[in-house]
Amino acid sequence: MNEKEINDGMQQAQNIFNLKDDFSLIKAFNEGEETAFNDLVNRHKEKVRNLIYLNLGSTSSIDDISQEVFLAVYRKLKQFRFQSQFTTWLYTITINKIRDHIRKQKIMSVFSAFSSDDTENIVEPGSFKENFDVNEMVRDAVAKLPRKLKEPLILRDFEGMSYQEISDATGIETGTVKSRIFRARESLKKMLEPWREELL
Amino acid sequence: MKKFDKDFENISAMADGELREDQEAIYREKMQNSPAFKEKFNEYNKLKKTVESIPKLPEDQYFVSRLNEYIKKENKKTSGLRPFYKPAFGLVALTVVLMSFFKLSPEFMDDLFETQKGNIIDFYTKNLRPYFQEDELTKDDIFNFAFSQVLPIDGSGQNVISLDESGSGASIAIRQSALGDSKMSLKDFTEKLNLDKTQQLKLNNVLKKYEDKIRGSILVNDNNTVAVNANLWNYNMALKAEILAIAAENETFAKVMPAGLMESMPAFASIDFADNEDSFVCINPDTVFVTSIRVNTHDPSYNIPVVNKVNILKNTQVKLAPSKQKYGGFHGKLGDSSKTKKFRVFVDTNFIKFDIPDFAFETKMPTLMELERIDSLVELSMKNFNFEMRNFPDGRGFSFDMKFDSLGLPGHDKMIEFKFDTTDGFNFDMNFPGKDSGKFKIVVPKNPDVYKNFKGLEGLDSLMIFKFNGKDTVFNFNMPFQNFDGEFKEFNEEMKKFREEMKKFREDFKPTKPKNKKDKKPVVI
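Chains A and B are the protein sequences, given in the same order. Quick note on this note's numbering: the first sequence kicks off at 1 and runs consecutively. Quick note on this note's numbering: the second sequence kicks off at 201 and runs consecutively.
Just chain A, with the same shape it has in the complex (with noise of 0.2 Å):
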């Protein structure tokens, strides 16, 4: 048994566990124990909040549209049908919050001069090379993709999600999903080249 198939029978565990850990809880909170809605929050927000930092690149909103997040899903989950992970299904419900936050932005970017978002995050290759924090510069890099792009790679290399888990949560194919990664990759590659050295 080689490292690969080790490794792949320990995420299989560990989702057979989280599937069945998910769907108790959610079975717990139909069945009227409201406390098994807090597990579950508890044991989601944080990927679901650094979903919606590397998403949007900006602190200023996490907290509203987390919220926004778990509330939908505090009244859809008796609507929920156990036919996927609920990751998926958080995620699902994240991006579209995520998008939908974009759209009232670009909505209110029309009756304001310039968007204090757009200004906090202009990434000028170079322009901190002598004191910089790589971690950052890797986040605002990411900040920067395109959306098509960037919450694909997001989900697969952050959150850990395969290409079928991706291809459920954004309702695109895998073969696009295949070929966005890929596509955010080179992006990526090509605005982190000034940091070569340091980064890759």
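It should be emphasised that the hints constitute simulated quantities derived from the structure, not laboratory data. Among the clues, some could well be false.
Claimed, not checked - In silico SDA-like cross-links for lysine to any residue, where the CA-CA straight-line distance does not exceed 25 Å:
1) A:Lys148 to B:Glu209
2) B:Lys397 to A:Lys148
3) A:Lys190 to B:Asp207
4) A:Lys27 to B:Lys256
5) A:Lys190 to B:Asp205
6) B:Lys230 to A:Trp195
7) A:Lys148 to B:Glu252
8) B:Lys276 to B:Leu291
9) B:Lys246 to A:Trp195
Go by the hints and put chain B onto chain A.
Same frame as chain A, but now just chain B:
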């Protein structure tokens, strides 16, 4: 390049462990043989690790507490209703309330619309007064109106209001005057028909009576509205019929009148025009509509002249002009919202025309078309034709003598004789009187074979030479059938010569081409 992209895409997927086993084996072999592929694989793995290593946000310990508060707050807001259903419920509730309200009081909306409509109509029809002042319409204008259906609306007579029939209804137009508008004058009519003093007085009374009616039928106000009474069409027909009745007292005229026409005319004095008396077509730069207006002719302001009344018509025309065709509403009476009562408005740079299909003429009246046919008879009688018809005994033709009394025509006060005989083919004889009296004869034999040589009468006018030199009248008439081919050949040759001359003329006057700019030498200073 695309091939490499596909390979690199697969390598990227391999780094994610998403490649099928057989594909992965292929790429592992490729990587062993190609350092570039190997380097790419390592690069993607490093990138993956870089992204994976992005530090996560510090955990929010109080998120669940805040979330619970938020959920409670949101649940209170919705009051048990899902947000999606909330507006729908509101709309349903509102609809039910409105339906109940309108069911219980159906007249509410009608009243509301009618009130608003009434307010708008009041605004546009306020202080309407006659377009024509008392001294502005002459007897000639009224007489012309009878026969040409036009009324001059400015001092120069360049613009007119014109009446017409349109399909099953009426039409009214504000347009520039045309040459054919006025065919006969009151003076000619009186003189040619030899009206005696009693008849002239009667005619004057008729003209005066309709002058008042016409004045009251075309109104304007300071809000740029022009209102035309629907009775104007009926007045026009009645006026013409009354004039004809006076003319019919003349023996000459009575001869050319169709038998029984005057007897079929109603007694105009007894016609009640009250049905359409309040119905006005209102034209405004903003809108066009038909409505019922009761004008108080005793109001002191009724006879106050409207300033710039000609401009009102012109402005209306200009402002309505951008839309070539509009549809106006027909506001008959309060509560009448029939959609079928529409009329069309045609607008161009020099006219506005309104078609009112549902317009009802006075039923007792002869139609405009019927009366227009009489116009030619009136004109005929005024030319003082002495018309005597004789039939051939065997019924194969007829002949007549006609006394010509028109200036400029030959044989003044003489008879022109026409004979048409079908006994043997078609024989048409004309005898012109006068100093150089002409005579010609058209004979079309029975034998149809000769018809192919028949040139027809189309060229008759163009080949007729008609000269009038002082008192001497020379009337030369060249029949197209005599030496027609020869003359036509000669004509063609002359035309050919003319074309050649024109061609030469064009070439002589052809502008010389300017010299090429490159040929120009620079000016040396």
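Okay, which hints does this one fail, numbers in order? When the structure is compared with the hints, numbers 2, 4, 6 turn out to be violated.
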